[in-house]
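Student: If you're matching them up, the sequences are chains G and L in order.
With the numbering used here, letter number 135 in the first sequence gets 135, and the count goes up by one each step, no holes.
With the numbering used here, letter number 11 in the second sequence gets 11, and the count goes up by one each step, no holes.
Simulated from the structure, these hints should not be mistaken for laboratory data.
Don't take each hint at face value.
Unchecked claim - Mimicking DSSO-like on lysine-lysine, the simulated pairs with C-alpha atoms at most 30 Å apart in a straight line are:
{"id": "1", "chain 1": "L", "residue 1": "352", "chain 2": "L", "residue 2": "313"}
{"id": "2", "chain 1": "G", "residue 1": "70", "chain 2": "G", "residue 2": "144"}
{"id": "3", "chain 1": "G", "residue 1": "74", "chain 2": "G", "residue 2": "42"}
{"id": "4", "chain 1": "L", "residue 1": "369", "chain 2": "G", "residue 2": "144"}
{"id": "5", "chain 1": "L", "residue 1": "369", "chain 2": "G", "residue 2": "326"}
{"id": "6", "chain 1": "L", "residue 1": "343", "chain 2": "L", "residue 2": "313"}
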Amino acid sequence: MISSVLAIDWSNYWQQSIFRVLGAAIFVILGAGTFVIAFLFKMMSYMQSRLGPMEAGPHGTLQLLAEVGKWLQKEDLVPARADRTLFKLAPYIIMASTFLVVVVMPFGPDAYFVSVDTGIYLALALSSLSVLGIIIAGWASASKYSLLGGLRAAGQLIAYELPMVLAVVGVVIQAGTLNLQGIVAAQHQGEIFGWGGIGNPFILTQLVGFVVFLIATQAELAQPPFDMPVAESELVTGYMTEYSGMRFLLFFIAEFASAAVFAALAATLFLGGWAIPFVDLDDNVMNVVGPIVLFVKMMLVGALIFWVRFTFPRFREDQLQAFAWKALIPLALVNILATMVLKVAF
Amino acid sequence: MTDVLTEAQQLAYANAQAADGRVNVEVETEDGMTLNIGPQHPATHGTLRVVARLDGEQVVSADVICGYMHRGYEKLCEVRSYPQVTTLVNRIDWLGSFANEVPFILAAEQLMEIEVPDRAKWIRTILFEMSRLANISLFIGDLALQVGAQTPAFLAFRDREFVLNQIEAVTGGRFHPNFDRIGGLKDDLPKGWIADTKAAMVRIREFCDLMDDLVLGNEIFQMRMRGVGIIPPDVALSYGLSGANLRGSGVDWDLRRDSNIGLAYDQVDFKVWTHPDGDSYARSWVRVQEIRESTKIIDQLLDTMPSGPVMAKVPRIIKVPEGEAYVATENPLGEMGYYLVSKGDTGPFRVKIRSASFNNISIVPWLLKGVYVPDIIAILGSLYFILGDIDR
Numbered sequence: 001m002i003s004s005v006l007a008i009d010w011s012n013y014w015q016q017s018i019f020r021v022l023g024a025a026i027f028v029i030l031g032a033g034t035f036v037i038a039f040l041f042k043m044m045s046y047m048q049s050r051l052g053p054m055e056a057g058p059h060g061t062l063q064l065l066a067e068v069g070k071w072l073q074k075e076d077l078v079p080a081r082a083d084r085t086l087f088k089l090a091p092y093i094i095m096a097s098t099f100l101v102v103v104v105m106p107f108g109p110d111a112y113f114v115s116v117d118t119g120i121y122l123a124l125a126l127s128s129l130s131v132l133g134i135i136i137a138g139w140a141s142a143s144k145y146s147l148l149g150g151l152r153a154a155g156q157l158i159a160y161e162l163p164m165v166l167a168v169v170g171v172v173i174q175a176g177t178l179n180l181q182g183i184v185a186a187q188h189q190g191e192i193f194g195w196g197g198i199g200n201p202f203i204l205t206q207l208v209g210f211v212v213f214l215i216a217t218q219a220e221l222a223q224p225p226f227d228m229p230v231a232e233s234e235l236v237t238g239y240m241t242e243y244s245g246m247r248f249l250l251f252f253i254a255e256f257a258s259a260a261v262f263a264a265l266a267a268t269l270f271l272g273g274w275a276i277p278f279v280d281l282d283d284n285v286m287n288v289v290g291p292i293v294l295f296v297k298m299m300l301v302g303a304l305i306f307w308v309r310f311t312f313p314r315f316r317e318d319q320l321q322a323f324a325w326k327a328l329i330p331l332a333l334v335n336i337l338a339t340m341v342l343k344v345a346f
Numbered sequence: 001m002t003d004v005l006t007e008a009q010q011l012a013y014a015n016a017q018a019a020d021g022r023v024n025v026e027v028e029t030e031d032g033m034t035l036n037i038g039p040q041h042p043a044t045h046g047t048l049r050v051v052a053r054l055d056g057e058q059v060v061s062a063d064v065i066c067g068y069m070h071r072g073y074e075k076l077c078e079v080r081s082y083p084q085v086t087t088l089v090n091r092i093d094w095l096g097s098f099a100n101e102v103p104f105i106l107a108a109e110q111l112m113e114i115e116v117p118d119r120a121k122w123i124r125t126i127l128f129e130m131s132r133l134a135n136i137s138l139f140i141g142d143l144a145l146q147v148g149a150q151t152p153a154f155l156a157f158r159d160r161e162f163v164l165n166q167i168e169a170v171t172g173g174r175f176h177p178n179f180d181r182i183g184g185l186k187d188d189l190p191k192g193w194i195a196d197t198k199a200a201m202v203r204i205r206e207f208c209d210l211m212d213d214l215v216l217g218n219e220i221f222q223m224r225m226r227g228v229g230i231i232p233p234d235v236a237l238s239y240g241l242s243g244a245n246l247r248g249s250g251v252d253w254d255l256r257r258d259s260n261i262g263l264a265y266d267q268v269d270f271k272v273w274t275h276p277d278g279d280s281y282a283r284s285w286v287r288v289q290e291i292r293e294s295t296k297i298i299d300q301l302l303d304t305m306p307s308g309p310v311m312a313k314v315p316r317i318i319k320v321p322e323g324e325a326y327v328a329t330e331n332p333l334g335e336m337g338y339y340l341v342s343k344g345d346t347g348p349f350r351v352k353i354r355s356a357s358f359n360n361i362s363i364v365p366w367l368l369k370g371v372y373v374p375d376i377i378a379i380l381g382s383l384y385f386i387l388g389d390i391d392r
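Excised from the complex, chain L in its bound form (with noise of 0.2 Å):
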């Protein structure tokens, strides 16, 4: 009996060990192909795993397995004070992180019962629409390059500079602001940013304006994306999507709009754009409309800009009262709540985050049945999760 186990011995080896790993080795099954999409793969943002059962190029049927980037923010988020919270779930949705903020915030403000100066109130909610901004004008670029095309990627990334810049001349951050206080902000505004900002907002624009002639207005992107993962109203509803992914299902549904808690948004006029065919596309045209709608929020804000502190009185050791309080904000990928438990103490008992793209991927498995491979991208490219916000 030798140590050296044949090459057939270790593949028999491990087709046995790998419990999880089993849909990995079946080359071919009765039913046709198991393809493991992911978890590297260019489509899934990151780590997600999608297992596809294959008939020919159509799916039989499709299992999404996520977890692979569990990090652990909500156990890890038991261990630390109120203010290092936000280091933490900054990294929740890493392309809108100020938005991830916000919800925790003002969860502990709702427990302290601390009103925020109305300056503050502004700037939070700028800064919140902002990180929206610098999400979902990255979301267009990057379906349009899982549907093939590659430059709009690129436009993308070169217009939401400009967002990202503003964003970092008021926090000091590009990617994780870290910037949202129990009882405010942490700085005011740098003087000229409020023209820079409009300066940014034109340039959003004509982004928004680019991109439906580029990606939206193409003809081989609206054959890919019409008709592609239709999502019923009712269907939407009892998934739980939420954001866009509702919205495009023609559920008119905003949360800015509906339960506005702590930020300014009863103080702008906007539209909360819906669109009734449910598919791909409705998706997709449904977040571009809300970025030109956010630059419009924004720009009203600047402009009824009060003037006060940003910051209100908090002790300076923060311990929140006995309680617990859920608050939930639209954010960029659809409904984000945090629910926070307190016992009186210096860091939370217990946080539970309600991202949104968890809900929102929740229905892949049922969206993906009897659709053909290259319609598996374009699905969950416009479905729009970002892997750190499936796993928290």
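Chain G extracted, bound-state conformation (with noise of 0.2 Å):
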């Protein structure tokens, strides 16, 4: 059956550029959605020995359908002073950027919207495009507090832009390219030290480039320990500060959204993506399974993610800075040193 859909001809433009739209809509919400109800709800409940919403639904698995109810409800303010186009226009430019980085994204061998020879290179410059519309919230809410929200989160990105493509080139050397469907066959066909066994699953040999990618994505995501741009505490949610109801919904599923996508990516990268051990890459079954295997070792990075952004306190932006330079691209070049030996002497 899923042979009789892929069979049809999508090579037709708009029949291709629906399918895209849908399907990275549907990745956007499923993903931000789950994030969402199991980890901001549930998860963070149960770290902090109470139940979170139990009313909507059972067990509260509906309460996020309540609050979207809730946020379109509200009033769309505008700040008097705000730039009003590019007040309204940040919330998409950021939603954009989350969207466009699924399109590259490959979720079984005949599963994906485009298969780019650059794919991943691709896929870290679109995540990064969030960073403008934060700037652009930032300066256009005309608040000192959103203002210097913006501005943080734009010497995050300088900060932490580096050490995330760093630690994938680690991994682009060892599968030997740049294009995800190929990653992801490189370690389910890969070898460690001549045993392939299991294939080799980059978090195996790529360490430290796994923990540099996550602490990195920590930061694309501004989330603790790295959530100075939002800083509730501080700035009072930093950009955010002016939005409300449906904007400030954008900007949520955004977050949650792209925080799935860099679970997904990292996912890809490291633990294999939609391949599992001793079933065939060009298995068909794998259109159907391996969406499934790519969302729970998706769900396994994000509590990753989501655990370490419910426990631990911020840092300051100056030590933020010196903690990326100092410590983590130092790290991530030794890493692509030590790949680059290991790579030539095996």
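Bring the two chains, given one by one in their own frames, into a single complex with the hints.
Tutor: Here you go:
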């Protein structure tokens, strides 16, 4: 049945575009929704010895729908001194960057939207677009708190884009390709020092890269311990301070959707993506199982990200810069060097 | 000439009229940006306003504006009879409310020359220390929240509940016990309370260990707090700091030990913790040690609890003889004193309340010079004030 769906001639431009938009929308909404309910509502509550939302739906699972309904009804306020056009534009830029990253994500041997040869490069470039939206939001709000938040986000981007890219370089060297599909294949068929029993999920050989990538992800998502652009107790949610109703909802969805996207990226790069050991890569069944496998791995990474988020206090901006330039970047560079040497040696 | 003002005219009017709010409207000044932190801000525990002049993210100068929650308790005390005053003063430091009643009652008793029964003294001291537990256990969770960690705050609320339950079991009130009377206490302890309290003290000690791991031991927390907001001992003394803020600067000063009036602290063995560093971390550390010490004080008092009445013989209508008295105790936030002037009436003639937070925040302008914006929050959090304690 899957093959019959895939047998449709997708070469038609509009068919392809609609398919991609729908697919990305489903991924973003499902991913963001699951992350909010599973982590923000439930995991956080259990960590803090409380139950979280329990009333809407079984065990409070429909709470998010209620919240969305609430936000949609709220007044859409624009501050008097705000730059109206930019103020209204900013949330969409952030959403767009999240959507675009999904497009290059592979979910199965044939289940992908586009297979780009520079897949991971494109994903990292597109994901950093969201900071543009944050800076615009901070500037256009005409609020000092928002402005500080936006500027902090800009500083954070410069500090953390680099270690993230450098962490990925190790994976790329080992896989020998920038294509995400190729990276998945390389992990499935790889060998760890000659033993290829379970393939080679790069988390085993690129553990340093994985750690650096996760830390950089945390900073990229502006989550504690790197949530200075948001900093609820200092800047009163920073660049989001002036947003209300629907536009705040867009920020909120984008925040958790990009968490889901980055978790999926980490799962693809380091945990073997949609593939599972002992099942052939070209097996047609992987088109159905693959997305589920990826989703499970995504949830594992997400749990890690959110565990840290709910536990740690926040760095100060200068401490963050020092941490990025003095610890993470050298670490990532050493990792690249070691990967190169070992790649040549074996 | 129409009645409708343009937006620009309205703004010009607001700019001209808002004398107090003038710092609000200037977006750019010659020497950087003015940032208003508060009166409504999550880090100010209520309605404190800090006006910070910034250069980038660095504070050039900062000013504290308080009084947004002034309730006029000193004046209100004058039109109430002595037993009614406890209801008011409960609401000064609302997290450790029983501790607010004690110095006032002690001052009245001093003027009336009433000797309180031992059992009442013991229970008073226990409840006094329990309000310290209720107050400071929340402090540590709140401080973690200020610097960005969400979970410790909820754990603090959870474990503080054990203390509040015990306070409620005796007094009937969780936040505002209103339990202290001139001459003793309203009631005796309920049955089985001593055993329950000992169990609660164990929970609080576990909570302290947990906070040592989760908050004080956290590397990021230490990076944020160490070396930030250093108060040298002489500066601390000259600004009139008290409580853990003073002990965090290495000054060994504790009213419980140094001038114990009317409470049972001379009967127990406890250590006054100090920390030589004087930074935000030192203040937080001293507070955590203090609640550990408090649980030990409570345990000792529970073991040596004397029997007997909880109320001395006092006339039905309380008239305090003419005179003046000042009694200060070591409250959770620092020295809290009542200067009581009586003209022999049923109510006080004048009450001056010396509350700890008001003096503690007086150092803020000095302390905030040259720090970064995130440090403002860390420093305010570690100074630990309660708004009700600043604006009586």
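Student: Compare the structure with the hints numbered earlier in the document and write down the numbers of the violated ones, lowest to highest.
Tutor: Every hint satisfied by this model.
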